[in-house]
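Visitor: If you want the building blocks of each chain, they are given just below.
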Amino acid sequence: MTKAYEGPLTTKYIGTPNDLFDQSDDFWVINWPRTFTHHHTYGLLTPFFKGLTEGKLMATKCTNPECTENSTWLPPRADCPDCYARTEWVQVPSEGKIYAYTMLDYAGIGIEMETPYWQIDVQIDGVDTIFKGWLKQGKPVTGMPVKAEFRTENPTHTILDICWVPK
Amino acid sequence: MIKFGKGNLRVPQWSRRVFMVAGGCTPFRKYFPEYKLEELVMMGYKMMLEDNDLKLSPKEIKDSIQYAAYGEFADHFQDQLLCEAKIHDYLGLDPLWNTGIKTGGATGGAAMLNGCMAIASGYADCALVSGWERMDEVDTRAGNFYIATAACKDFETRMGRIYSSYYAPMANRFAEAYNLSEVTRAKVAVKNRGYAMSNPNAQQPGHHTVEEVLESRMSAYPLRFLECCAMTAGSASALLCNEEMAYKLSDHPVEIFMAGGTHTLRVADRRHMEIPLLPNEEPGQYDELLKESGRWPGFESFLAARFAAYLAYRMAGVHDPLEEMDLVELHDAFTISDIQTYGDIGLRPYGQEPDYIESGDAYFEGKCPSNLSGGLLGTMHAVGATGVWQACEVFWQLQDRYDYIHGDKKWWDRAGKEKPADWKSLQVKDPKQGLWISHAGVGSHVTCGILRKAW
Numbered sequence: 121m122t123k124a125y126e127g128p129l130t131t132k133y134i135g136t137p138n139d140l141f142d143q144s145d146d147f148w149v150i151n152w153p154r155t156f157t158h159h160h161t162y163g164l165l166t167p168f169f170k171g172l173t174e175g176k177l178m179a180t181k182c183t184n185p186e187c188t189e190n191s192t193w194l195p196p197r198a199d200c201p202d203c204y205a206r207t208e209w210v211q212v213p214s215e216g217k218i219y220a221y222t223m224l225d226y227a228g229i230g231i232e233m234e235t236p237y238w239q240i241d242v243q244i245d246g247v248d249t250i251f252k253g254w255l256k257q258g259k260p261v262t263g264m265p266v267k268a269e270f271r272t273e274n275p276t277h278t279i280l281d282i283c284w285v286p287k
Numbered sequence: 142m143i144k145f146g147k148g149n150l151r152v153p154q155w156s157r158r159v160f161m162v163a164g165g166c167t168p169f170r171k172y173f174p175e176y177k178l179e180e181l182v183m184m185g186y187k188m189m190l191e192d193n194d195l196k197l198s199p200k201e202i203k204d205s206i207q208y209a210a211y212g213e214f215a216d217h218f219q220d221q222l223l224c225e226a227k228i229h230d231y232l233g234l235d236p237l238w239n240t241g242i243k244t245g246g247a248t249g250g251a252a253m254l255n256g257c258m259a260i261a262s263g264y265a266d267c268a269l270v271s272g273w274e275r276m277d278e279v280d281t282r283a284g285n286f287y288i289a290t291a292a293c294k295d296f297e298t299r300m301g302r303i304y305s306s307y308y309a310p311m312a313n314r315f316a317e318a319y320n321l322s323e324v325t326r327a328k329v330a331v332k333n334r335g336y337a338m339s340n341p342n343a344q345q346p347g348h349h350t351v352e353e354v355l356e357s358r359m360s361a362y363p364l365r366f367l368e369c370c371a372m373t374a375g376s377a378s379a380l381l382c383n384e385e386m387a388y389k390l391s392d393h394p395v396e397i398f399m400a401g402g403t404h405t406l407r408v409a410d411r412r413h414m415e416i417p418l419l420p421n422e423e424p425g426q427y428d429e430l431l432k433e434s435g436r437w438p439g440f441e442s443f444l445a446a447r448f449a450a451y452l453a454y455r456m457a458g459v460h461d462p463l464e465e466m467d468l469v470e471l472h473d474a475f476t477i478s479d480i481q482t483y484g485d486i487g488l489r490p491y492g493q494e495p496d497y498i499e500s501g502d503a504y505f506e507g508k509c510p511s512n513l514s515g516g517l518l519g520t521m522h523a524v525g526a527t528g529v530w531q532a533c534e535v536f537w538q539l540q541d542r543y544d545y546i547h548g549d550k551k552w553w554d555r556a557g558k559e560k561p562a563d564w565k566s567l568q569v570k571d572p573k574q575g576l577w578i579s580h581a582g583v584g585s586h587v588t589c590g591i592l593r594k595a596w
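For the protein sequence lines, the chains are L and U, in the order given.
One gets the numbering used here by counting positions in the first sequence from 1 and adding 120 to each.
One gets the numbering used here by counting positions in the second sequence from 1 and adding 141 to each.
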């Protein structure tokens, strides 16, 4: 059994003193900085992100004959929300048409792309959903055909590994 | 096409009637260093207890409360998990049960619905609903990133890291599909920010012109800064009761009917589905519209808002909201989402949403004015408080107390502001009922609440 140390202690403050961000006669506002990393799993969707690094656009499809919808999902999902069957991976065409778009000018902190840039929503044949992405070059118009480009060299291992260019 | 299960379409029914008897809020500011969060909540709570013509003393009311529903959007902003416990203790309400509610931008509405459920079920005869947010611990861009983590972290958040970029594609799509001009969008901003001039608690009031809105800095095309809501610190509270307690506390209680709807967080995942029809709509009414757009709700509309209204109207026996509502408070986080909602809740049929503004119906002294409070664009979006505060604003209108709440010098003093010389009353004449919409995500959760005079 581990016994607790029971003797006297001398304890030092080992932190970094917080400075004041703002102050008045009535209040103090302190700075409280922190930095750390989350470890985030892609779980059963890992083949999608791995696919991007191999130049493939992978979706999932429900193939359960009892399912009323048999939808094809992109973003993919491992479980069908209509019948709860496990879905199957299918490669879908890496081309589509622009359904909607925006130019992003003022972005939140940590943005990984130069701004402004065009963000687009792409409709792909055979896919029941609409897939969000970014346009690497050109100017979007609703209905404009686009094709995907993949960041297979030095991948980011994120959704930013796919982008679109005019077809 | 997705069709809804018959059982899923059942209209909710309270087991007993639910009433609101009091509301309170803080001033709303971008930066509020004078007070800690629990002190802000106390300020709104005390206004609720002391300034609503209640027939029992604050202490007697405190001793009557049996339950609390608390709305807080994001632990990130408070930087405090289990904030509910701190607030509850600070309000001196231990050991009463409380529930913390989180449904994004609709958190305040969801907390109200939760409080209603507590009353309707008999768990409580008197329940507190309180919401808060303090978004001033981080700078604006960091705040935008925090909010954008309420988009899908794997497929959306990294693109933009700001919520305007998730609404902006809808704005472009809507403009093309339903012939919406930038000018109509800008008019929403001008209207609501203008109404905020009469509200002592407003964070960003202003008499703007359409040109100023359209010339303001671009956030995500086509949405400009003046088309986007505030990031706020503040709180709001409401007191809910069963029938007996309501009349014991107030001579002017207001009855509540309320329901909610949901839809996917990722707009991408919206599949084509049948349109749940409102009581005044006919089968086949939208066949032509669907031929052109090809899918519903597409990027044009919100299933969650439509479903919430579908249920709430039937619950309250409302047939035509435009005719039957004397005012509405909508969730105008962005000009476009405000406009999209007009169709979802039947202020206009789908495809004719811009006409609600262009006709003048949406303005003070119009047929069914919206956001006389100043809305989220002009007054506040302290997210967890918003849906509670909107209910308070409709409630005070129904009690004919707009002028006291917005015009009395004590509230301008409390906010540290001069009451403008040209202050204008926005009290609706003899209102009977109103509704408020609380909205989350890119339409992930929406509540529709109807408040009706009960005296």
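In short, the hints are calculated from the structure, not lab data.
Because the structure is a prediction, the values reported are computed rather than measured.
Possibly wrong hints are sitting among the right ones.
[What the hints assert, rightly or not] The following residues of chain L were derived to be distant from chain U, with all beta-carbon distances above 10 angstroms:
1) Y125
2) E126
3) T131
4) I134
5) Y162
6) P185
7) S191
8) D248
9) K252
10) V285
11) P286
[Claimed, not checked] Footprint (simulated), chain L over chain U, 3 or more residues, beta carbon under 8 angstroms:
12) 312-320
13) 347-360
[What the hints assert, rightly or not] Partner residues aside, some chain L positions facing chain U, computed with beta carbon under 7 angstroms:
14) G228
15) I229
16) H277
17) I279
Backbone N, C-alpha and C define an ideal beta-carbon position, used for all residues, glycine too.
Visitor: Are the hints correct? Go through all of them and say.
Guide: Verification of the supplied hints:
1. Y125: Given that every Cβ of chain U is farther than 10 angstroms from that of Y125(L), nearest at about 31 angstroms, it holds.
2. E126: Its Cβ never comes within 10 angstroms of chain U, the nearest being 33 angstroms, so this holds.
3. T131: For T131(L), whose nearest Cβ neighbour in chain U is about 26 angstroms away, the distance exceeds 10 angstroms, so it holds.
4. I134: holds, 22 angstroms
5. Y162: violated, 7 angstroms
6. P185: holds, 19 angstroms
7. S191: Per Cβ check, S191(L) is inside 10 angstroms of chain U; nearest 6 angstroms; violated.
8. D248: violated, 5 angstroms
9. K252: violated, 5 angstroms
10. V285: holds, 16 angstroms
11. P286: The claim holds: P286(L) sits with its nearest Cβ about 17 angstroms from chain U, beyond 10 angstroms.
12. 312-320: holds (count 4)
13. 347-360: holds (count 3)
14. G228: holds, 3 angstroms
15. I229: Since the shortest Cβ distance to chain U is 4 angstroms, the answer is holds.
16. H277: violated, 11 angstroms
17. I279: Hint on I279(L): holds, closest Cβ of chain U at ~5 angstroms, below 7 angstroms.
Comparing the model with each earlier hint shows violations of hints 5, 7, 8, 9 and 16; every other hint is respected.
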